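K.L.:
Let the hints inform the model, and build the full structure from the sequences given.
Protein chains in written order, with our numbering: chain W, 1 to 393; chain Z, 1001 to 1393; chain F, 2001 to 2393; chain C, 3001 to 3393.
In short, the hints are calculated from the structure, not lab data. Quick caveat: nothing in here was measured; it's all calculated off a predicted structure. Among these hints, one or two may not hold up.
[Claimed, not checked] Heads up, simulated DMTMM-like pairs for lysine to aspartate or glutamate below, C-alpha to C-alpha not over 25 Å straight-line:
{"no.": "1", "chain 1": "F", "residue 1": "Lys2278", "chain 2": "Z", "residue 2": "Asp1292"}
{"no.": "2", "chain 1": "C", "residue 1": "Lys3113", "chain 2": "C", "residue 2": "Asp3035"}
{"no.": "3", "chain 1": "W", "residue 1": "Lys392", "chain 2": "C", "residue 2": "Glu3318"}
{"no.": "4", "chain 1": "W", "residue 1": "Lys392", "chain 2": "C", "residue 2": "Asp3282"}
{"no.": "5", "chain 1": "W", "residue 1": "Lys389", "chain 2": "W", "residue 2": "Glu318"}
{"no.": "6", "chain 1": "C", "residue 1": "Lys3278", "chain 2": "F", "residue 2": "Asp2141"}
{"no.": "7", "chain 1": "F", "residue 1": "Lys2062", "chain 2": "F", "residue 2": "Asp2264"}
{"no.": "8", "chain 1": "Z", "residue 1": "Lys1389", "chain 2": "W", "residue 2": "Asp282"}
{"no.": "9", "chain 1": "W", "residue 1": "Lys392", "chain 2": "W", "residue 2": "Asp141"}
{"no.": "10", "chain 1": "F", "residue 1": "Lys2392", "chain 2": "C", "residue 2": "Asp3282"}
{"no.": "11", "chain 1": "Z", "residue 1": "Lys1278", "chain 2": "W", "residue 2": "Asp141"}
{"no.": "12", "chain 1": "W", "residue 1": "Lys392", "chain 2": "W", "residue 2": "Glu309"}
{"no.": "13", "chain 1": "C", "residue 1": "Lys3388", "chain 2": "C", "residue 2": "Asp3292"}
{"no.": "14", "chain 1": "W", "residue 1": "Lys389", "chain 2": "Z", "residue 2": "Glu1309"}
{"no.": "15", "chain 1": "W", "residue 1": "Lys278", "chain 2": "Z", "residue 2": "Asp1292"}
{"no.": "16", "chain 1": "Z", "residue 1": "Lys1392", "chain 2": "W", "residue 2": "Glu309"}
{"no.": "17", "chain 1": "F", "residue 1": "Lys2388", "chain 2": "Z", "residue 2": "Asp1141"}
{"no.": "18", "chain 1": "F", "residue 1": "Lys2278", "chain 2": "W", "residue 2": "Asp141"}
{"no.": "19", "chain 1": "F", "residue 1": "Lys2388", "chain 2": "W", "residue 2": "Asp292"}
{"no.": "20", "chain 1": "W", "residue 1": "Lys389", "chain 2": "C", "residue 2": "Asp3292"}
{"no.": "21", "chain 1": "C", "residue 1": "Lys3392", "chain 2": "W", "residue 2": "Asp292"}
{"no.": "22", "chain 1": "F", "residue 1": "Lys2278", "chain 2": "Z", "residue 2": "Asp1141"}
{"no.": "23", "chain 1": "C", "residue 1": "Lys3389", "chain 2": "W", "residue 2": "Asp282"}
{"no.": "24", "chain 1": "Z", "residue 1": "Lys1389", "chain 2": "F", "residue 2": "Asp2264"}
{"no.": "25", "chain 1": "F", "residue 1": "Lys2389", "chain 2": "Z", "residue 2": "Asp1141"}
{"no.": "26", "chain 1": "Z", "residue 1": "Lys1278", "chain 2": "F", "residue 2": "Asp2204"}
{"no.": "27", "chain 1": "C", "residue 1": "Lys3388", "chain 2": "W", "residue 2": "Asp141"}
{"no.": "28", "chain 1": "C", "residue 1": "Lys3278", "chain 2": "W", "residue 2": "Asp141"}
{"no.": "29", "chain 1": "C", "residue 1": "Lys3278", "chain 2": "F", "residue 2": "Asp2182"}
{"no.": "30", "chain 1": "C", "residue 1": "Lys3388", "chain 2": "W", "residue 2": "Asp292"}
{"no.": "31", "chain 1": "Z", "residue 1": "Lys1389", "chain 2": "F", "residue 2": "Asp2182"}
{"no.": "32", "chain 1": "F", "residue 1": "Lys2389", "chain 2": "C", "residue 2": "Asp3282"}
{"no.": "33", "chain 1": "W", "residue 1": "Lys388", "chain 2": "C", "residue 2": "Glu3318"}
{"no.": "34", "chain 1": "W", "residue 1": "Lys62", "chain 2": "W", "residue 2": "Glu309"}
{"no.": "35", "chain 1": "W", "residue 1": "Lys392", "chain 2": "F", "residue 2": "Asp2141"}
{"no.": "36", "chain 1": "C", "residue 1": "Lys3278", "chain 2": "Z", "residue 2": "Asp1292"}
{"no.": "37", "chain 1": "Z", "residue 1": "Lys1388", "chain 2": "W", "residue 2": "Asp141"}
{"no.": "38", "chain 1": "C", "residue 1": "Lys3392", "chain 2": "W", "residue 2": "Asp141"}
{"no.": "39", "chain 1": "F", "residue 1": "Lys2389", "chain 2": "Z", "residue 2": "Asp1292"}
{"no.": "40", "chain 1": "C", "residue 1": "Lys3389", "chain 2": "W", "residue 2": "Asp268"}
4 protein chains.
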Amino acid sequence: MNFQLSPALLELQARTRRFIAEQVIPYERDPRQTDHGPTDALRAELIARARDAGLLTVHASKALGGLHLSHIEKAVVFEEAGYSPLGPVAMNIHAPDEGNIHLMEAVATDAQKVRWLAPLVAGRTRSCFAMTEPAPGAGSDPSMLQTTAIRDGDHYRITGSKWLITGAEGAAFAIIMARLEDGRATMFLADMAQPAIVIERQMDSLDRCFAGGHCVVHFNDLRVPASDVLGEVGEGFRYAQVRLAPARLTHCMRWLGAARRAHDVALDYARRRQAFGKRLGDHEGVGFMLADNDMDLHLARMAIGYCAEVLDRADAGEEGGAARANFESSRTKVICSEKTWAVVDRSVQVLGGSGVTGETVVERIFRDIRPFRIYDGPSEVHRWSLAKKLLKA
Amino acid sequence: MNFQLSPALLELQARTRRFIAEQVIPYERDPRQTDHGPTDALRAELIARARDAGLLTVHASKALGGLHLSHIEKAVVFEEAGYSPLGPVAMNIHAPDEGNIHLMEAVATDAQKVRWLAPLVAGRTRSCFAMTEPAPGAGSDPSMLQTTAIRDGDHYRITGSKWLITGAEGAAFAIIMARLEDGRATMFLADMAQPAIVIERQMDSLDRCFAGGHCVVHFNDLRVPASDVLGEVGEGFRYAQVRLAPARLTHCMRWLGAARRAHDVALDYARRRQAFGKRLGDHEGVGFMLADNDMDLHLARMAIGYCAEVLDRADAGEEGGAARANFESSRTKVICSEKTWAVVDRSVQVLGGSGVTGETVVERIFRDIRPFRIYDGPSEVHRWSLAKKLLKA
Amino acid sequence: MNFQLSPALLELQARTRRFIAEQVIPYERDPRQTDHGPTDALRAELIARARDAGLLTVHASKALGGLHLSHIEKAVVFEEAGYSPLGPVAMNIHAPDEGNIHLMEAVATDAQKVRWLAPLVAGRTRSCFAMTEPAPGAGSDPSMLQTTAIRDGDHYRITGSKWLITGAEGAAFAIIMARLEDGRATMFLADMAQPAIVIERQMDSLDRCFAGGHCVVHFNDLRVPASDVLGEVGEGFRYAQVRLAPARLTHCMRWLGAARRAHDVALDYARRRQAFGKRLGDHEGVGFMLADNDMDLHLARMAIGYCAEVLDRADAGEEGGAARANFESSRTKVICSEKTWAVVDRSVQVLGGSGVTGETVVERIFRDIRPFRIYDGPSEVHRWSLAKKLLKA
Amino acid sequence: MNFQLSPALLELQARTRRFIAEQVIPYERDPRQTDHGPTDALRAELIARARDAGLLTVHASKALGGLHLSHIEKAVVFEEAGYSPLGPVAMNIHAPDEGNIHLMEAVATDAQKVRWLAPLVAGRTRSCFAMTEPAPGAGSDPSMLQTTAIRDGDHYRITGSKWLITGAEGAAFAIIMARLEDGRATMFLADMAQPAIVIERQMDSLDRCFAGGHCVVHFNDLRVPASDVLGEVGEGFRYAQVRLAPARLTHCMRWLGAARRAHDVALDYARRRQAFGKRLGDHEGVGFMLADNDMDLHLARMAIGYCAEVLDRADAGEEGGAARANFESSRTKVICSEKTWAVVDRSVQVLGGSGVTGETVVERIFRDIRPFRIYDGPSEVHRWSLAKKLLKA
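P.N.:
Dropping the structure here:
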């Protein structure tokens, strides 16, 4: 057991940190940011900078132009990226593209890769992942999937409504989860620019960091050729898991960076602001919040590192690795979503009036991070899943 | 000791509840709501409805057209008003006007009442309370007040910068807190429409329920006649306390209503939404959150009722009443701000994806209520103040 | 709504407070206290003092020599009694006798009252309530009751094992819950001094405040005449509820007193002890704990008062009163057991090394109070029960 | 960064686990256990078994007969030892001897080692560490030290009172912290069997796992030769830190084992016990507690591992290592003491009535572990210390 990073990884960490500080943070007050995320113009500008810095889509395979980072390496780099709300967008490692790239590298055909994956990795397009449905469809419980895919010759006809589809507005293509007539779930690839795909609206949402926002999308008898099935027919739920375990973990990594940022802003304020005759931070009530932040950040980082190793070993074919990865990513997701939330909430409290206004980036992080306790499985679903496994073991 | 409400109060409660449900909630999706609160046009329309319903500015004295409610009575009525984010605006009992009315009734001259208070109570104007300053000025620690008021013949010349001034944009007048040359704090009344008063900007803020938003305001050598001093010269800090104890409590009342609303929405959802083979609410993990909400709402309501009685008795001249009111309003503020927050956060969690979007009113309440743990004294300042009093007692 | 106590109740409160301070607390280091509670000799001495002070078995009816206190009145008096671990024993209002008296007054025959109730109220005997069973029998879930009562002519033959039977050692009689052949539960009265009743052992337990401790008891074909059925045949579960709602609440009252005691000891220490250059209590980290204690005690007291009124109204025949009493006593039990626990745990922490030793009474209260989060329904069972009712309402 | 243990360490872990399970746990109901810990006869018997198993005093240097474990290695082995309350006693790695051995190996003279350290390492004697004093002396704040050591020729004369001196009763010798005339603190070694050392009493205490209990000890003009100064004169506070950082961490390790035991007992019960129609653990309210336990144990283990590495690197002479070790052991102590406590408290709750009685070992662990949030620095002192360092950094 050791906690040291290799010199190469330390260098990559330092380089990413510098990139975020010098090239990304200056954009944080850029007006090209809407309630539904940065505009594609702003995104393109940021991506160009990451490309120049050699930090674009770092997790992708080398063949596709990435650095093929291990999970442990991603843990270090993505935390740095998350230090700015614009960092993951700039580096093209934001959700849902990051997870979509991961999944497509694993299961897409060569033709699909050329057509959809390559431009995505290059940062020239965006994608979306169309799984979640409004009640009574698939939310936390994916088995309630209602969107149907009916076989029709060498095509499928997809009909259904989705919501909370991150990045749909502006996406070049979608991965669509639908249920076959026999009940099995399957994933399909489809260009978004088709009349049978209607984006009803971008939903008002607490967070504002995802390019394209969160959309309500209807598939109205969408025809998809059988060759655009992603992976095997009927493997939809399994692929969702393949995608989800690492996707959950990269969320943890990025939000850890965001929480560290909030803490740093609060700490800096506590060093400078005076109240009741001393520095704010010298009041134990404030100092304790800073200490708790420090502990929570530390523990979230430890949990991420541990889980990353489990995922790396699973990728390397360790026996039982998939089950272990599943358990560990659940556990880590609960830990990180709750601890980073606590850190950000405390940081707001330390900042007082400044904390609940746009005076610092913390209010923005506060809004952006709250949904993480819900998406990719709410804490309650994960706790229940962990309990079942503990009881069985 | 008893917990029953009088028939008259029950009737007023029911009437308010009906008013909010039938006349106010339908406006919640009215487009005339901005990031800095409802527009004055929307406000005027709502106020007309409250006037028709006999529910406008109910806390004001009968002479001024109100119902002269006791604190206990306000506890009941304001909770109902807070059930909609637009309720307090409609009934003209929102901050800071509600507290300003309370203070001016207590200390303004007849001439000041005619000029400024009467139209405010009638809902024809809005006001603001200009006390808080950016660092290194007066925030949680009012003794750090930096805005100066220099005597100049029969005038004062006021210079300084304020921020987080709720409702400044669109306010007819301000109550300004400034420090005399001898260090004593004094309150002044001044029309806002003067060149010496500059609203630099409306601050981006987490909450969006306050008409006029939160502003940065500069007083640039503002001349105020001595006759526009509010109350006695040098009594500024004392009046701030006079205003603050009940103002804190009315915040508790309104936010209790808001938290109850969030809980009701979540409860309704938990009754209808299915997941993993049963109703959402039948999952203990969700049911426990609902039970905790119920307990927290109950306790907040108890604490408010108790504090209201302490304030009523203080108003009636009970010996030691002011000190008791001060302690009790601190204690109640911490309790209510933390418990209502917990309720709203849990309600978001129960709602899942819907909870972090504009699909329900809960996301809006979530944003609006977070700052309450900070303004009117952050929890940390109150805990410290409570501790000092406990140690002394 | 008002929170004032009548002059008569204030007088009774003051008298009880004085009695505890002057006559009971001096016994707290009396050696006649074992790991299984005070000895019967010590108990008799304390009871004699309460009798002289007119404070014995105050909740019993006047006919039986008590003061026939309402639930609201009990709330005030029992909190005072709980201020010393020996207070409830001295005043003969401890569990399980207090609840047994309540139940027997409601449903026992005159003959049963003369034989068993009168000496119990007079403090000359003790009793026990034999319901809980070891796995796989009735614990939190009373429907799992396994002890059987087989009708045999004009007798019943009772067989089964019970545990956690408080006060069994030394009790004159037991109320036994058993299941008839047709599955219905029934309560029986029986003298303990019979060969068919075997006390296997007094269990080691965290708490040490209950006279007689907690016992494992076996009923080996115990013959009970049909005339010793308590109340109606088949009404056992209903009576358990009749007994339980108020019994839960009196636990809340007594433990509130105990928690207030712990807080007072900690507060006193925080005023006197120096550390790191100032009074312990002047450290915010400690002061905040004291403030939290104060808030929790206040809220527990409010919840008890509210619930007491609900029970008083139910006793007065209010429509729906029983259901309301059931809900309210669940809610109050969770609130009080968790808040008093938090208070005592913080008091230990404030006291440091002294807190985890017998140097103060706080370590004793810490041990005694922990089980209250479990007995009379663990928090988890109550939360679940509350949730079900909220979902239904 | 990796989280794998070496094969040799895995083997040692497995061997320790087996030893505890097979040789130590069977003694847990041995009657030779008092309110002040296991008797010395029981201890001798356990130590003989550890010696046979090659697991005695494993942290000591090889020269002295130990395995000279690194901190990382201790993390693994001591957690296993802590799985039984008797494990650390059996393996001679309990407090305060474990820390005393560590300190004496670092600073004692050869003569002192022969006389006092060798028999201690061999498990033939016990020792105590006499630093803590009753108010107004040195508690959390060591600078308040009042015990004096007056130079008198080639001797010192030590006078003062100590309390909470773990293991004093039955100890062969003490390390005594006293203050010289010039104010500097110094440590002294002294045999306990001297008339000038009086053990007033063994204190009643919540925990019962430490051999010899916690004692009040008086030094009445005790003469100590200058050659029995431990280390350098005037270095007392520095040595206390040398001793404390690793001693805090070994506490974390052992208590992690204890908490894991409590969790295992609760988990096993939740698998077997039925309530309300299903397995206890299948109730989400219970399952969530088990999941939280699992997460807390995991995080505590991660924190310990990380801190152990920091200490190992500091021991290896890393620049700034001592300061880092100090910070890290504070942070880890807060994390572990609070998380293990939460685990044990939840385990009690899962067990219900069995949890608060001696039916399982959990009640015992509950009592034993609570003081860990206080000794070696209460959480509040550590949070404050962490905050100061964060503010400075």
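K.L.:
It remains to establish, for every hint, whether it holds in the given structure.
P.N.:
Hints, verified against the model:
Distance hint between Lys2278 of chain F and Asp1292 of chain Z is unfulfilled; the C-alpha atoms sit about 38 Å from each other, more than 25 Å. The hinted pair formed by Lys3113 of chain C and Asp3035 of chain C fails the criterion: a straight-line CA distance of about 32 Å is larger than 25 Å. A hinted pair counts as satisfied when its Cα atoms are at most 25 Å apart, and Lys392 of chain W with Glu3318 of chain C does not qualify at roughly 45 Å. Proposed proximity of Lys392 of chain W and Asp3282 of chain C is supported: the alpha carbons are some 11 Å apart, at most 25 Å.
Using a Cα cut-off of 25 Å, the hinted pair Lys389 of chain W and Glu318 of chain W holds, with the two alpha carbons roughly 19 Å apart. A C-alpha spacing of about 11 Å is found between Lys3278 of chain C and Asp2141 of chain F, which places the hinted pair at or below 25 Å, so the restraint holds. A threshold of 25 Å between alpha carbons decides the hint, and for Lys2062 of chain F with Asp2264 of chain F the separation of about 34 Å lies outside it, so the pair is violated. Pair hint Lys1389 of chain Z plus Asp282 of chain W holds up; C-alpha atoms about 21 Å apart against a cutoff of 25 Å.
Only pairs whose Cα atoms come within 25 Å are accepted, and Lys392 of chain W paired with Asp141 of chain W is accepted, the gap being roughly 21 Å. At roughly 23 Å between alpha-carbon atoms, Lys2392 of chain F and Asp3282 of chain C fall within 25 Å of each other, so this suggested pair holds. As the CA atoms of Lys1278 of chain Z and Asp141 of chain W are separated by approximately 11 Å, the hinted pair is consistent with the 25 Å bound. At most 25 Å may separate the alpha-carbon atoms for a hinted pair to count; Lys392 of chain W and Glu309 of chain W meet this at roughly 24 Å.
Simply put, Lys3388 of chain C and Asp3292 of chain C have alpha-carbon atoms about 30 Å apart, too far for the 25 Å limit, and the pair is violated. For the suggested pair Lys389 of chain W and Glu1309 of chain Z, the alpha carbons sit about 52 Å apart, so the restraint of at most 25 Å is broken. With a C-alpha separation of about 38 Å, the suggested pair Lys278 of chain W and Asp1292 of chain Z falls outside the 25 Å cut-off, and the hint is violated. For the suggested pair Lys1392 of chain Z and Glu309 of chain W, the alpha carbons sit about 55 Å apart, so the restraint of at most 25 Å is broken.
Note on Lys2388 of chain F and Asp1141 of chain Z: the hinted pairing is violated, with a Cα-Cα distance of about 46 Å set against a maximum of 25 Å. This hinted pair does not check out: Lys2278 of chain F and Asp141 of chain W have alpha carbons roughly 56 Å apart, beyond 25 Å. For a cut-off of 25 Å, the pair hint linking Lys2388 of chain F to Asp292 of chain W is broken: about 36 Å separates their Cα positions. With a C-alpha separation of about 13 Å, the suggested pair Lys389 of chain W and Asp3292 of chain C falls inside the 25 Å cut-off, and the hint holds.
Taken as a hint, the Lys3392 of chain C and Asp292 of chain W pair is honoured in the structure, with Cα atoms around 16 Å apart against an allowance of 25 Å. Taken as a hint, the Lys2278 of chain F and Asp1141 of chain Z pair is honoured in the structure, with Cα atoms around 22 Å apart against an allowance of 25 Å. A hinted pair counts as satisfied when its Cα atoms are at most 25 Å apart, and Lys3389 of chain C with Asp282 of chain W qualifies at roughly 11 Å. Note on Lys1389 of chain Z and Asp2264 of chain F: the hinted pairing holds, with a Cα-Cα distance of about 14 Å set against a maximum of 25 Å.
For the given pair, Lys2389 of chain F sits about 45 Å from Asp1141 of chain Z by alpha-carbon distance, which is inconsistent with the 25 Å threshold. A threshold of 25 Å between alpha carbons decides the hint, and for Lys1278 of chain Z with Asp2204 of chain F the separation of about 42 Å lies outside it, so the pair is violated. Pair hint Lys3388 of chain C plus Asp141 of chain W does not hold up; C-alpha atoms about 46 Å apart against a cutoff of 25 Å. The suggested pairing of Lys3278 of chain C with Asp141 of chain W holds, with an alpha-carbon distance near 22 Å, which does not exceed 25 Å.
Between Lys3278 of chain C and Asp2182 of chain F the CA atoms are separated by roughly 23 Å; this keeps the pair inside 25 Å, and the hint holds. Our distance criterion of 25 Å between C-alpha atoms is met by Lys3388 of chain C and Asp292 of chain W, whose separation comes to about 13 Å. Restraint check for Lys1389 of chain Z and Asp2182 of chain F: not satisfied, since their Cα atoms lie roughly 62 Å apart, outside the 25 Å limit. Restraint check for Lys2389 of chain F and Asp3282 of chain C: satisfied, since their Cα atoms lie roughly 21 Å apart, inside the 25 Å limit.
The hinted pair formed by Lys388 of chain W and Glu3318 of chain C fails the criterion: a straight-line CA distance of about 44 Å is larger than 25 Å. For the given pair, Lys62 of chain W sits about 21 Å from Glu309 of chain W by alpha-carbon distance, which is consistent with the 25 Å threshold. For the given pair, Lys392 of chain W sits about 24 Å from Asp2141 of chain F by alpha-carbon distance, which is consistent with the 25 Å threshold. For the given pair, Lys3278 of chain C sits about 24 Å from Asp1292 of chain Z by alpha-carbon distance, which is consistent with the 25 Å threshold.
For a cut-off of 25 Å, the pair hint linking Lys1388 of chain Z to Asp141 of chain W is broken: about 51 Å separates their Cα positions. At most 25 Å may separate the alpha-carbon atoms for a hinted pair to count; Lys3392 of chain C and Asp141 of chain W exceed this at roughly 48 Å. Only pairs whose Cα atoms come within 25 Å are accepted, and Lys2389 of chain F paired with Asp1292 of chain Z is accepted, the gap being roughly 13 Å. Taking the CA atoms of Lys3389 of chain C and Asp268 of chain W, the gap is about 13 Å. The hint holds against a cut of 25 Å.
In summary, the structure is inconsistent with hints 1, 2, 3, 7, 13, 14, 15, 16, 17, 18, 19, 25, 26, 27, 31, 33, 37, 38 from the numbered list given earlier, while agreeing with the others.
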